[in-house]
Amino acid sequence: MTTGQPAPAGKPVPLPDDLTAPYWEGAGRRELCIQRCCRCRTFAHPPESLCPACNSPELRFEAVSGRGRVYSFTVVRDNVTRGFEAEVPYVVALVELAEQKRLIVVTNLPEADPERVRVGSPVVVDFEARDGMTVPQFRLASDDR
Amino acid sequence: MNASLRDRVAIVGAGYSSLTRRSPRLLAELTVEACDAALKDAGVTRADVDGVATVPTMPAYGNAGSLDGADVVSVGYLIRLLGIGHQVDWYTQTPGLITSTVIDAVNALAAGACNFVLVWRAVHMPRGRYSNFSRPGAGGEDQFRAPYGWTMPAAWQAMAYQKYFADHGAGREEMGRFVVDNRANANLNPRSYFRDVPLTLEEYMASRMVAEPVCLYDCDLPVDGCAAIVLTTAERALAMGRRGALITGYAQTTYPSTGGFTDPENMWIGGGAMGQKLWAAAGVGPEEMDLALLYDGFSVFVWMWLESLGFCKRGEAAAFFRDGHGRLTGSLPVNTSGCSLGEGRLHGMAHLTEAYLQLSGQAGARQLPNARRAVVTVGPGSWVSGGLVLRAL
Ligand SMILES: [Zn+2]
Numbered sequence: 001m002t003t004g005q006p007a008p009a010g011k012p013v014p015l016p017d018d019l020t021a022p023y024w025e026g027a028g029r030r031e032l033c034i035q036r037c038c039r040c041r042t043f044a045h046p047p048e049s050l051c052p053a054c055n056s057p058e059l060r061f062e063a064v065s066g067r068g069r070v071y072s073f074t075v076v077r078d079n080v081t082r083g084f085e086a087e088v089p090y091v092v093a094l095v096e097l098a099e100q101k102r103l104i105v106v107t108n109l110p111e112a113d114p115e116r117v118r119v120g121s122p123v124v125v126d127f128e129a130r131d132g133m134t135v136p137q138f139r140l141a142s143d144d145r
Numbered sequence: 146m147n148a149s150l151r152d153r154v155a156i157v158g159a160g161y162s163s164l165t166r167r168s169p170r171l172l173a174e175l176t177v178e179a180c181d182a183a184l185k186d187a188g189v190t191r192a193d194v195d196g197v198a199t200v201p202t203m204p205a206y207g208n209a210g211s212l213d214g215a216d217v218v219s220v221g222y223l224i225r226l227l228g229i230g231h232q233v234d235w236y237t238q239t240p241g242l243i244t245s246t247v248i249d250a251v252n253a254l255a256a257g258a259c260n261f262v263l264v265w266r267a268v269h270m271p272r273g274r275y276s277n278f279s280r281p282g283a284g285g286e287d288q289f290r291a292p293y294g295w296t297m298p299a300a301w302q303a304m305a306y307q308k309y310f311a312d313h314g315a316g317r318e319e320m321g322r323f324v325v326d327n328r329a330n331a332n333l334n335p336r337s338y339f340r341d342v343p344l345t346l347e348e349y350m351a352s353r354m355v356a357e358p359v360c361l362y363d364c365d366l367p368v369d370g371c372a373a374i375v376l377t378t379a380e381r382a383l384a385m386g387r388r389g390a391l392i393t394g395y396a397q398t399t400y401p402s403t404g405g406f407t408d409p410e411n412m413w414i415g416g417g418a419m420g421q422k423l424w425a426a427a428g429v430g431p432e433e434m435d436l437a438l439l440y441d442g443f444s445v446f447v448w449m450w451l452e453s454l455g456f457c458k459r460g461e462a463a464a465f466f467r468d469g470h471g472r473l474t475g476s477l478p479v480n481t482s483g484c485s486l487g488e489g490r491l492h493g494m495a496h497l498t499e500a501y502l503q504l505s506g507q508a509g510a511r512q513l514p515n516a517r518r519a520v521v522t523v524g525p526g527s528w529v530s531g532g533l534v535l536r537a538l
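Protein sequence lines, in the order shown, are assigned to chains A and B. According to our numbering, the first sequence is numbered sequentially starting from 1. According to our numbering, the second sequence is numbered sequentially starting from 146.
So here's chain A without its partners, still in its complex pose (with noise of 0.2 Å):
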C-alpha cells in the first residue's frame, strides 16, 4: 500500500491551475474527482472548459468509484523524468474508469510486480502523499486478496 509513504523526494509535483485545482483538492481528500458534465452527464478528462459532447460550461466535479481496467501500460526502462531514477524500471499504465468507456487517468502501479500486469486487469484507486500534494495512484485489484 502507498497510503501516508512519502514518494522519493524531488518527483514533479501536480501545479494546479483555474480547471484542474478540484481534481487535486478531491485528491487530497483521498477521492477521484472527475468532471462531469451538468446537462449531458458526460465526464471529461483532463478537464475541459466546455463540455466537448453538448459545449455546456456547467462542468462539476464529482466523486467516481476509483475502479477501472488497464487501457493500455507501459514500463518504463529508460528513465528521462526527475525524481524516478531509482523507480526504473517502473509502470505507467493508462486506466480506463469503470464510469465510462475511454475516460483515462495516467498513474503508475507502484505496488505491482510488472511482469503480471495485463491489458484489462482490474484496478483500484490509491493516493500518495507527495510533497504537500496528494497523487491519485493505483493499485491491481488482485493484489488486494
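What the hints contain is simulated information worked out from the structure, not anything from laboratory work. Just so you know, not all the hints are guaranteed correct.
Computed cross-link-like contacts, SDA-like style, restricted to lysine to any residue with a CA-CA straight-line distance of at most 25 Å [to be verified]: (1) A:Lys101 x B:Ala315; (2) B:Lys422 x A:Ala53; (3) B:Lys422 x B:Asp152; (4) A:Lys101 x A:Leu59; (5) A:Lys101 x B:Gly314; (6) B:Lys458 x A:Val119; (7) A:Lys101 x B:His313; (8) B:Lys458 x A:Arg102; (9) A:Lys101 x B:Asp287; (10) B:Lys458 x B:Gly506; (11) A:Lys101 x B:Tyr400; (12) A:Lys101 x B:Asp312; (13) A:Lys101 x B:Lys458; (14) A:Lys101 x B:Asp152.
With chain A held as given, fit chain B with the ligand onto it using these hints.
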C-alpha cells in the same frame, strides 16, 4: 480538397544536407546546403525562388533551445541567408508537421501566389537527453503525466504498441520483422545513417528497451540535418521538361486528442477519417498505389497508417509485414528508403523526398520498377497529421 486542385502542383527537386547524429556545423549551414541542393536538383537557382515555407519548430522537448540558425531555421532567417528578400512573394511558417506546409504551398502555387516554393525542414539534436523532464513542478498538460514519470515520446507511444499487441495478438517479433525489412531498405539508401549497418531479428529482439514494448530500434533516429524540396506548378514543370511527382490529393487529420497522448485510439480514429478524405480528394484508392511512405516516428505508426488508409483491415498489419508484403519485392513496398527509422528524423521529409525520387525514377539501388503512384503520411494519425497522394509527372 476539391477535384480541381488535383495534379496542379509538382515536387520537382529534393536536396539534403549531411545527416549525422551530431554535426559540428551550425544548423543554418546545413539548411543552406540542403536548399541549394534541392534547387540544383530542380534545375533552378536562388533567383527563381519566390515562395518559401517551413515548420520552424521542434525539438520542443527537454533541453532544446529556439535560437534561430542554431536550433531552428525560420523563414526570415533563411530568406536573409539566401538573399532573396526582394523577390519572395509568398511565405508561411506552419505549426505542426511538414504536410501542412506542403498543403499551403500547393494552394499558394495553384492560386498563382508564386511560381517556385522552397520547403525545408531543419532539425537539430539538442545537447543532452532529447526529452528530459527536470522541473520540480508540472503544469498544464504535464500535470497529469510528469508526476507519473510519463514524459518521453517513446513511453507515450508505448501505449499504442501495448494496446495493439493485446487487441490483435501480435508482438515484438512481428514488429521486429517490419523493422528488419525497413533496415534492409535503409541499407540501399546512400544518405541513410544506417546504410552500412544491417539488422537481424535476433538483434532487434535483444536490443535495449526504452519503454516496454518499445525498444531502441522502434524509435526514429535523432540527427542534425535538413532536407528541402522545390515545388512548382504542373504547367511550369512540364514546360521545363522536369521529372517529378504531381500532388494528386491531400488531407489533414481533424481529430484533436485531449490532454496529450492519452488515448492511442485517437490515432486510428483520426487516421481513418483522414484516409477517407485523402482518397476522396485524390480520386484514387489504396489499390492503385505502387508504394506507401508511412510516417515512422515510431514503428507502430506504420502499422496504424497501413490499416487507417485501408491497405488492410484493423489488426492485419502485423501479418502484412510478417509475410513480407511491405518489402521492395512485395505487393506494396513500404518506406523504401528506410525513412525516419533508417535515414534519420526529419519529421516527414524522408517520406516526401522518397516519393519524389521513386516517382521520378531516381531512387538508385532501391528503385521500384514501376512506381507510378505513392501515398505519403506524416504524423501519428491523431492531431496535426497529414497525407498526400502523388503520381509520376
Ligand atoms: Zn455535456
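Q. Which hints, by number, does the structure contradict?
A. 10 and 14
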